[in-house]
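**Student:** Please construct the entire structure, taking both the sequences and the accompanying hints into account.
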Amino acid sequence: MRKKTPPPSPTIEATGRRAHAIHADVTSDSDIDDMVARAAAHFGHIDILINNAGTTVRKPPEETTAAEWDNVLDVNLRSAFLASRAVYPHFKSQGGGKIISIGSMFSIFGGGGSGVPYASSKGGVVQLAKSFAVAWAPENIQSNVILPGWFMTDLTQAIPETQPERYDLINRRIPMGRWGQASELQGATVFLASRASDYVTGAVITVDGGYSVT
Numbered sequence: 001m002r003k004k005t006p007p008p009s010p011t012i013e014a015t016g017r018r019a020h021a022i023h024a025d026v027t028s029d030s031d032i033d034d035m036v037a038r039a040a041a042h043f044g045h046i047d048i049l050i051n052n053a054g055t056t057v058r059k060p061p062e063e064t065t066a067a068e069w070d071n072v073l074d075v076n077l078r079s080a081f082l083a084s085r086a087v088y089p090h091f092k093s094q095g096g097g098k099i100i101s102i103g104s105m106f107s108i109f110g111g112g113g114s115g116v117p118y119a120s121s122k123g124g125v126v127q128l129a130k131s132f133a134v135a136w137a138p139e140n141i142q143s144n145v146i147l148p149g150w151f152m153t154d155l156t157q158a159i160p161e162t163q164p165e166r167y168d169l170i171n172r173r174i175p176m177g178r179w180g181q182a183s184e185l186q187g188a189t190v191f192l193a194s195r196a197s198d199y200v201t202g203a204v205i206t207v208d209g210g211y212s213v214t
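Residue numbers (full-length UniProt numbering): 1 to 214.
Every clue listed holds true.
Derived pair list, reagent style DMTMM-like, types lysine to aspartate or glutamate, alpha-carbon separation capped at 20 Å:
1. Lys130 / Asp74
2. Lys92 / Asp198
3. Lys59 / Glu165
4. Lys59 / Asp154
5. Lys92 / Asp34
6. Lys130 / Asp47
7. Lys59 / Glu161
8. Lys92 / Asp47
9. Lys59 / Asp74
What follows is a list of derived Cβ distance ranges for each label pair:
10. Gly96 / Ser212: 26 to 32 Å
11. Ser131 / Pro10: 36 to 42 Å
12. Glu62 / Gln181: 32 to 38 Å
13. Gly44 / Arg166: 45 to 51 Å
14. Lys59 / Ser212: 22 to 28 Å
15. Glu139 / Glu184: 27 to 33 Å
16. Leu185 / Ala19: 15 to 21 Å
17. Thr162 / Asp47: 37 to 43 Å
By construction, these hints were calculated from the structure, which means they are not laboratory data. Each residue gets a CB set at the ideal place from its N, CA and C atoms; glycine is no exception.
**Tutor:** Structure, rendered in structure tokens:
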């Protein structure tokens, strides 16, 4: 949670857009409030929030400590609540905004090898987003969720080597026969961030190569 924040992405700045990195503990009320205030001051407004902080612990439930449970729930679920609550006044005053929360296949399946705290937190992310959708619809605030399937990320990149049998099993279950590339999340994200989704709220969109329907 206190890792060094990298500089603004050259890729973003290369498009002619501005980028502004802010170091924050996503589980801290004061850090989140400060981050949102600084972002609003820097850019003049906030139009879109993406709740994408995540961590996990891979242990059987009987071996998971209360501290590990709390940490995963704080990073994955509490952070989404704090950030959404912090942007709400900005969205309300400007007549609307977009909240996109990132769930997981384990928002709808049992955690298993990915851990009970992770699955519980990601299931909570879905219900949190739906609750925001209902509560804030009168303010023209849309709240939706993307559920990525199996993508190579910091949380999963070790699986092919450390759990080769599981990796092969996952590949066989995915109808498209492969893990996703990060770029393949762009379409759903851009849609939910754009005016094209102004009448879409409380939606849960899977981007998983068909994994969730097998």
